[in-house]
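*Asks:* These are the residues of each chain, in order.
Protein chains: 2
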Amino acid sequence: MDIKSKNINTIISPELKTNYKNFPMVPRVIFGIGCFGQLGEILMPKRINSEAPFIFLVDDVFEGSGLVSRIPLIFNDQLIFISADEEPKTDQVDALVYKIRNDYDQLPSGIIGIGGGTLLDLAKAVAIMLTNKGNAHEYQGWDLVKKPSIYHVGIPTISGTGAEVSRTTVLLGPEKKLGINSDYTTFDQVLLDPDLTKGVSKEQWFYTGMDCFIHCIESLNGTFLNAFSQSYGEKALELCKEVYLEDLHEDEARNKLMMASWHGGMSIAYSQVGVAHAMSYGLSYLLGVRHGIGNCLVFQHLKEFYPEGVELFNEMKEKHNIQLPKGICKELTNDDFEIMINVALSLVPLWENALGKEWRTMATPEKLKSIYQKI
Amino acid sequence: MDIKSKNINTIISPELKTNYKNFPMVPRVIFGIGCFGQLGEILMPKRINSEAPFIFLVDDVFEGSGLVSRIPLIFNDQLIFISADEEPKTDQVDALVYKIRNDYDQLPSGIIGIGGGTLLDLAKAVAIMLTNKGNAHEYQGWDLVKKPSIYHVGIPTISGTGAEVSRTTVLLGPEKKLGINSDYTTFDQVLLDPDLTKGVSKEQWFYTGMDCFIHCIESLNGTFLNAFSQSYGEKALELCKEVYLEDLHEDEARNKLMMASWHGGMSIAYSQVGVAHAMSYGLSYLLGVRHGIGNCLVFQHLKEFYPEGVELFNEMKEKHNIQLPKGICKELTNDDFEIMINVALSLVPLWENALGKEWRTMATPEKLKSIYQKI
Chain A
5 MDIKSKNINT
15 IISPELKTNY
25 KNFPMVPRVI
35 FGIGCFGQLG
45 EILMPKRINS
55 EAPFIFLVDD
65 VFEGSGLVSR
75 IPLIFNDQLI
85 FISADEEPKT
95 DQVDALVYKI
105 RNDYDQLPSG
115 IIGIGGGTLL
125 DLAKAVAIML
135 TNKGNAHEYQ
145 GWDLVKKPSI
155 YHVGIPTISG
165 TGAEVSRTTV
175 LLGPEKKLGI
185 NSDYTTFDQV
195 LLDPDLTKGV
205 SKEQWFYTGM
215 DCFIHCIESL
225 NGTFLNAFSQ
235 SYGEKALELC
245 KEVYLEDLHE
255 DEARNKLMMA
265 SWHGGMSIAY
275 SQVGVAHAMS
285 YGLSYLLGVR
295 HGIGNCLVFQ
305 HLKEFYPEGV
315 ELFNEMKEKH
325 NIQLPKGICK
335 ELTNDDFEIM
345 INVALSLVPL
355 WENALGKEWR
365 TMATPEKLKS
375 IYQKI
Chain B
5 MDIKSKNINT
15 IISPELKTNY
25 KNFPMVPRVI
35 FGIGCFGQLG
45 EILMPKRINS
55 EAPFIFLVDD
65 VFEGSGLVSR
75 IPLIFNDQLI
85 FISADEEPKT
95 DQVDALVYKI
105 RNDYDQLPSG
115 IIGIGGGTLL
125 DLAKAVAIML
135 TNKGNAHEYQ
145 GWDLVKKPSI
155 YHVGIPTISG
165 TGAEVSRTTV
175 LLGPEKKLGI
185 NSDYTTFDQV
195 LLDPDLTKGV
205 SKEQWFYTGM
215 DCFIHCIESL
225 NGTFLNAFSQ
235 SYGEKALELC
245 KEVYLEDLHE
255 DEARNKLMMA
265 SWHGGMSIAY
275 SQVGVAHAMS
285 YGLSYLLGVR
295 HGIGNCLVFQ
305 HLKEFYPEGV
315 ELFNEMKEKH
325 NIQLPKGICK
335 ELTNDDFEIM
345 INVALSLVPL
355 WENALGKEWR
365 TMATPEKLKS
375 IYQKI
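Protein chains in written order, with the numbering used here: chain A, 5 to 379; chain B, 5 to 379.
You can take every hint at face value.
Pairs count within a copy or across copies, as identical chains cannot be separated in the list.
Keeping only pairs whose Cα atoms sit at most 25 Å apart, straight-line, the calculated DSS-like set for lysine-lysine is:
1. K50 <-> K150
2. K25 <-> K50
3. K371 <-> K361
4. K361 <-> K373
5. K151 <-> K50
Rather than coming from a laboratory, the hints here were simulated on the basis of the structure.
Okay, chain A solo, but in the shape it has when bound (with noise of 0.2 Å):
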């Protein structure tokens, strides 16, 4: 994919009024083989007073395990664990925002999320609820929050969504999966320990590191992109390209996709993802599949749109011999279909920077039907 050629429409007469985003960065970042056990020492000085807590969310599979053990606790800090096994939800923020609001006579210190996308967008969600009004539905958009949230800290245990870096937190809400899109979203702190992502199964690996080299081919082929997303966008792809198609040293590989997934997660600042992710939300609204492998279901179809880089991804899938489920969309109805494709057009940023502003006519819902029939 000869990306670097790509000419880029940056034009623009100096008189003429701009409105580039003003983009929130994580403003603190800590990267390491061991760093977790650093986290105690970050977390300190960012204590209200023993009586307001940090509540730990993390992903169930470390029950019992040894990180936990590891989690510093003091005071009355709480530790929830959650699964991770269905896609975050609006009413989890809302019940997680409830226990937490009955079980303390004051807001917490702060909200740490440990785990996968799912942990860490429910920790960002959890930190904006806990000062805004209403309900987490009612966020789902673009900058729609009013009010900082509470101190909230990324911790990622796979590699893959960016969620760690981005500005959003994607739900599923009782009408849409769509992203809490706000300044106030983005973590104030990221803990960065390759180590934590050592156990996760080939499987989960694959498609979690596929999210992000899939948002790299969208940004890097969208009609948003310019020069500080393409650079972001460049070397996570790289990265990708060395971690999935090279044969490294595990330890470097397990490095390499942490930093894939960051500077991926940095690639959307001034970008957007595109069909892939758009098709994948209504797969994942209708029939809750996850959104490690509901992107590749939908992208492995997407010849059409990403050439070069459903080749890319074929040949990584057959290197590491992943076998994709079959057969997902076999027994579906119409209005099935009609849902997921209304979810999937109703995400106007993606396909405008996937397709341009023209995207009505190739996007059609008859295109999107013949595509979801193959899944």
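Mind docking chain B on chain A? Use the hints.
*Replies:* Using the frame of chain A, we list chain B on its own:
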């Protein structure tokens, strides 16, 4: 240079207490051609009140230019033009702080640096010294700043130094050229508008861009490197190669060099610069040689330390027909050489990064003198 296959030593037993830096990143960044026009709306919510001004420190090459007319001055904001002909000095910082304290009854809302590395470093240092007691030279070193600085914004008008993203501000003091390295040094906001770099002369464009190229070579070949810094350094190096060795469209080259500088600065997060920077500091200290050209003057003679890097540098120099000055050190006395050598050798972390713990066996005063004599 086969940097990818470099073996990074990252195997640390989880029981060992790690001591990684919790790295501060610029929390807000806006990128895009023409985004300078959004500066007013970015600053507005940061105004403490109408009496607390923004102080704009601006490179005096812009005096009377169109850029100045676009600076959003209101209330009692102040614009101070500063020459970047010389390296920024600690007593210059002290004088600016004295003036600002004298001119106003209260602390400013913020300091905005508009220019190259000199102006950006002055803005950072002034923002620190407005809240910290004593003189700037007392803070040259690592983590000596105790109080948070005031809000400060970096707006580069030339690309390469990485000052827009780094946690240092390098100053010439009475005794040394050394950075104020601290978590409070990092800008609160950076505005990256590639159009602002339009008027730069070819020589300055080359020297400043080579600052980025050289610190990437130093970082990627250093012993401190980890996967975080490596990924940024590799991307910055790749962008430098595109800009200086390929034939890009001017707009694209400006965009890409701005991103190279950004990533290059980030690549120092878990790394350090090396031999060229250490020796260039000596040149600056004694002779006032500016940083960009100083790096080039030294780096051309560092083939034994950075063989592939020096080869690439020579290619770039030839392609752009750059003639480096000669005979800079011809008339120096032995005492002069000693001063430069002492300044260079005092920068222990740089040498340790470049050559490992045993650096003193390789970086002898005689070796340094022989290199300085060639310049």
